[in-house]
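For the record, the sequence lines run as chains Z, D and F. Residue numbers are given in the working numbering: position 7 of the first sequence equals residue 2, and the series is strictly consecutive. To convert a position in the second sequence, counted from 1, into the working numbering, add 6. To convert a position in the third sequence, counted from 1, into the working numbering, add 2.
Worth flagging that the hints you see were computed from the coordinates, not collected in a lab. Built from N, CA and C at the ideal position, the CB exists for glycine as well. Hints are not guaranteed to be accurate.
[As the list claims (entries may be wrong)] Covered stretches of chain Z (chain D as the covering partner; in silico rule of three or more C-beta atoms under 8 angstroms from a C-beta of chain D):
id : stretch
1  : 26 to 33
2  : 40 to 54
3  : 93 to 101
4  : 129 to 136
5  : 146 to 159
[Stated by the list, open to error] Residues from chain Z that face chain D, not an exhaustive set, calculated with beta carbons under 7 angstroms:
id : residue
6  : 64
7  : 67
8  : 104
9  : 111
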Amino acid sequence: MTLLTAIGLSDIAFFIFALLIIGCGAVVAFSRNIVHSGFALMGTFAGVAGLYALAFAQFIAAVQIMVYVGGVLVVILFAIMMTREIGRAESSNPAVGRFPAVLLGVVIGAVLVFIALQFPWTINPSTDFDPTVNDLGDALLSRFLIPFEVLSLLLLAVLVGAVMLVKKEIKALPPEEKSS
Amino acid sequence: MIIGLPHYLIVAAVLFSLGIICVVSRRNAIGLLMGVELILNSANINLVAFARYVESGISGQVFALFVIVLAAAEAAVAMAIVMAIYRHLRNIDTAAAVNLKE
Amino acid sequence: MEHIGTADWIWLIPVLPLLGAAINGFFGTRLQRRFGEKAVHAVAILMPSLSFFITLGYFIRLMGLPEAERQLLCHLFDWIHIDTFTVPLAFWFDTLSAVMALMVTLVGTLIHIYSTAYMHKDTSYWRFFSFMNLFMFAMLTLVLGDNFLLMFIGWEGVGLCSYLLIAFWYQDIDKAQAGMKAFITNRIGDFGFIVGIFALMWALGGGWSDSGFTLVNPGQLTVVFREVQQYVGSLEGATIFGMSVATFACLCFFWGATAKSAQIPLYVWLPDAMAGPTPVSALIHAATMVTAGVYMVARLNFLFAMSATAMTAVALVGALTALFAATIGLFQNDIKKVLAYSTVSQLGYMFLGVGVGAYWAGIFHLLTHAFFKACLFLGSGSVIHAMHHAYHKAHNHDDDPQDMRNMGGLGRHMPTTRWTYLAACVAIAGFPFMSGFFSKDEILWKAFSNANTLVPGWILWAIGATGAVLTAFYMFRSYYMTFSGTFRGGAETERHLHESPKAITVVLSILGVLSIVGGVMGLPHLWHLPNWLEHWLAPVFHGSQALVKWGEFTHSTEWTLMLVSVLVAVTGFLFARMLYRDNRSEIPARMLKRFPAIHRVLYHKYYVDELYDATAIAGSVGLAKVSDWFDKYIIDGIVNLTGYFARFISWLHGLSDIYLVDGLVNGLAHASGAIGRWLRGWQTGRIQTYLYGVLGGGLVLILIRFILFD
Chain Z
-4 MTLLTAIGLS DIAFFIFALL IIGCGAVVAF SRNIVHSGFA LMGTFAGVAG LYALAFAQFI
56 AAVQIMVYVG GVLVVILFAI MMTREIGRAE SSNPAVGRFP AVLLGVVIGA VLVFIALQFP
116 WTINPSTDFD PTVNDLGDAL LSRFLIPFEV LSLLLLAVLV GAVMLVKKEI KALPPEEKSS
Chain D
7 MIIGLPHYLI VAAVLFSLGI ICVVSRRNAI GLLMGVELIL NSANINLVAF ARYVESGISG
67 QVFALFVIVL AAAEAAVAMA IVMAIYRHLR NIDTAAAVNL KE
Chain F
3 MEHIGTADWI WLIPVLPLLG AAINGFFGTR LQRRFGEKAV HAVAILMPSL SFFITLGYFI
63 RLMGLPEAER QLLCHLFDWI HIDTFTVPLA FWFDTLSAVM ALMVTLVGTL IHIYSTAYMH
123 KDTSYWRFFS FMNLFMFAML TLVLGDNFLL MFIGWEGVGL CSYLLIAFWY QDIDKAQAGM
183 KAFITNRIGD FGFIVGIFAL MWALGGGWSD SGFTLVNPGQ LTVVFREVQQ YVGSLEGATI
243 FGMSVATFAC LCFFWGATAK SAQIPLYVWL PDAMAGPTPV SALIHAATMV TAGVYMVARL
303 NFLFAMSATA MTAVALVGAL TALFAATIGL FQNDIKKVLA YSTVSQLGYM FLGVGVGAYW
363 AGIFHLLTHA FFKACLFLGS GSVIHAMHHA YHKAHNHDDD PQDMRNMGGL GRHMPTTRWT
423 YLAACVAIAG FPFMSGFFSK DEILWKAFSN ANTLVPGWIL WAIGATGAVL TAFYMFRSYY
483 MTFSGTFRGG AETERHLHES PKAITVVLSI LGVLSIVGGV MGLPHLWHLP NWLEHWLAPV
543 FHGSQALVKW GEFTHSTEWT LMLVSVLVAV TGFLFARMLY RDNRSEIPAR MLKRFPAIHR
603 VLYHKYYVDE LYDATAIAGS VGLAKVSDWF DKYIIDGIVN LTGYFARFIS WLHGLSDIYL
663 VDGLVNGLAH ASGAIGRWLR GWQTGRIQTY LYGVLGGGLV LILIRFILFD
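Looking at chain Z on its own, in the form it has when it is part of the complex (with noise of 0.2 angstroms):
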């Protein structure tokens, strides 16, 4: 009983999370259907963002999904869509090699938790951590104004690069095509 009346409510949390970004984790990687995988993802990102909770890190959590779930997940969905396979649910999400993956896979994955659980982390417990989002604010324009900056403009270069991109292709297409 010593077990589980450690067992605090955060970690019964932490478990359901770990379950939800393993189990939808697994099916990204496994599914046959594309459409499927991209669902799945969502999953995944919700368990990542409980877990970015779980760690204190609340303004990370909401941003993941925001971010994640309001903007890169509906980006591929709209790209899944969008590709003509996709009624096709068979043939839409073909794997080549699954055996060899799923090997490197399980050799990558034993080889980083035995280094999890092996190296000696210096645990620093202070139990009145709880960096708030003026904390973060406060670094990203003082310590990190530079990063901060740099990727502002990444932001802006991607922005562009995204349009001109797919503008290019349009511009391209033979006549037939845009006919069709």
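Put chains D and F on the given structure of chain Z with help from the hints.
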């Protein structure tokens, strides 16, 4: 409270492995991207966990934030490329885009 | 110290022709183009004639002076001044240089006038007159210089002008070569002259001992003639190389004289020098330059008189040359060659004269020879000019206008030339009362009666007399072959023959008259008439009078010898008349057949040129070839060996470069290529392949880390 740093790391490691499997085995460009997203998320879990248990500071979260931003940017560009490839080749199979190597 | 008068303007005598040479040399082309030939020869004739009148003026002034004081000095400045040794730039006008300068300027001016006609229409008219004036300058410097160095300048200057004028038509390779031959032969002689100057100078100043040369009498270190004469007594007993200094110096000077005055063994250049224009032959190679050697010996009489050996050498060489050249002259067919050998022969007489101690007789013959030989040369020039002109008009370019076999009967067409030539012939042959008779007879008599030379006087006389027979013979032979009989150059050519222009005939006439009457300068004592020249020159030869000894002979001996001389001349004349008059006689041709060997040897000048070719020239050519061989094979060999060595090193270097360095570079490239080709197989374009690589690599790194550090 039995959950500590190793738990987070194990979850991240598993997620990373799933991401790797996804990336390595998928032939669909979008599926491939999904695997990448999984890998990035696993890395992010680690960063946040380190911020919580090792560093006990804000830097880890800031990095996680940066990674998210970069992931979003990467997704945008990647999707644009996928659309371009699709328009060009009528296909998003990575095997069909082998010609890029030439 | 004798009293020496000063004369400030003597320097004008040599400098005026130099000015003329400069004017024509620098502005001649323009003068000729702008004003024609007149402007050129006006300058060229004006300068020597001005010199002549100045000389004449000083000559008259000299005559007005008391006998012992008959010398004038024009001291311009000290040219070289080292401690007690001084070389003044000064001109010395004593009785000897006075007559020489007078002769040179007179004959020179006449020949300049003659040249205006002879060189008419030559493209380099100005150049000719520039050189002629330059020659006048050099010759007058030679004659008037009061020291050895100044004389040497003139000596070299006349050699230069001789070269320039012999090779005047330098487009003709033979003429250019003749010029070089003259110049080089003269250089050989000049060497002796320089050695003589230095030997004399050092001997006067000090002496040789075991420790080398030591300066004993710094005050006596001099090159001025007067001072040398003053100190020459101190040379008594001094020796060098086992002979007396006087002998050594004299032999050196005489060596120089044999080249300049064309004596055995260095006479060979003079016949070839006839390649130059005829006025040049007349002025330089007959009247003036070639007599420089005689003048020098006469000038240094005090020195030569000290050495019986040197005097014998001079006299003997002179006598032998006189005979030797005369024999060669016998059968030459080129009219100028005959005169050239005649000149060599006559110069031999002059040396015979100065050699036996009869300095004034040598100078006497020098003066008379200047007149009659200039006349002969200018006469031959007139003939050649006419022949050339006629051949040209007749369009005959093959026959030689100088060959006497093509002439004959020219006397009818060219009366003035004929008569003047005859007058000069008579003079040179030594007919009674002609100038040549007096001078040559005087020399022969002095040679006979002298008691200075180491060989008996009668031998010298015999040689000289034999030469005189031959002289008369070949001179009249040339006269008859040229002017008598019928013309052998073709009728067409004969129609174009005519007498030469006035400039030529007038000069010929003047010289012809001088040839005949020139002898009055030195009438023999035997006739109890005043001998002006001997008297006049006496002060110059004063220093040697005590040393020169004469044998005792009766008047009857002298009369006999004089008669023999006349007979000798007449014999030669008669033989020539018999054999060549009107060219009718068959005898010469038959004689030619009977004795071909003699004719051949004489015609080929005893093969002396060939001998020199085979010895001296072949020797130097051989040496040059040996040097060439040495240069080609040894020096070049070493150089080439170095080159080959360098090439070998470079070859090795190249090998290493190609196989080592390039090999390395290429090997790297090939390796990269091969690796690239191998790696290309890995680049499938499939992202999965790459991921396997990346992840596998990452795993390996992690494993390595655990293996190594745990």
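Hint numbers not upheld by this structure, sorted from lowest to highest:
Hint check: 6 fails alone, others pass.
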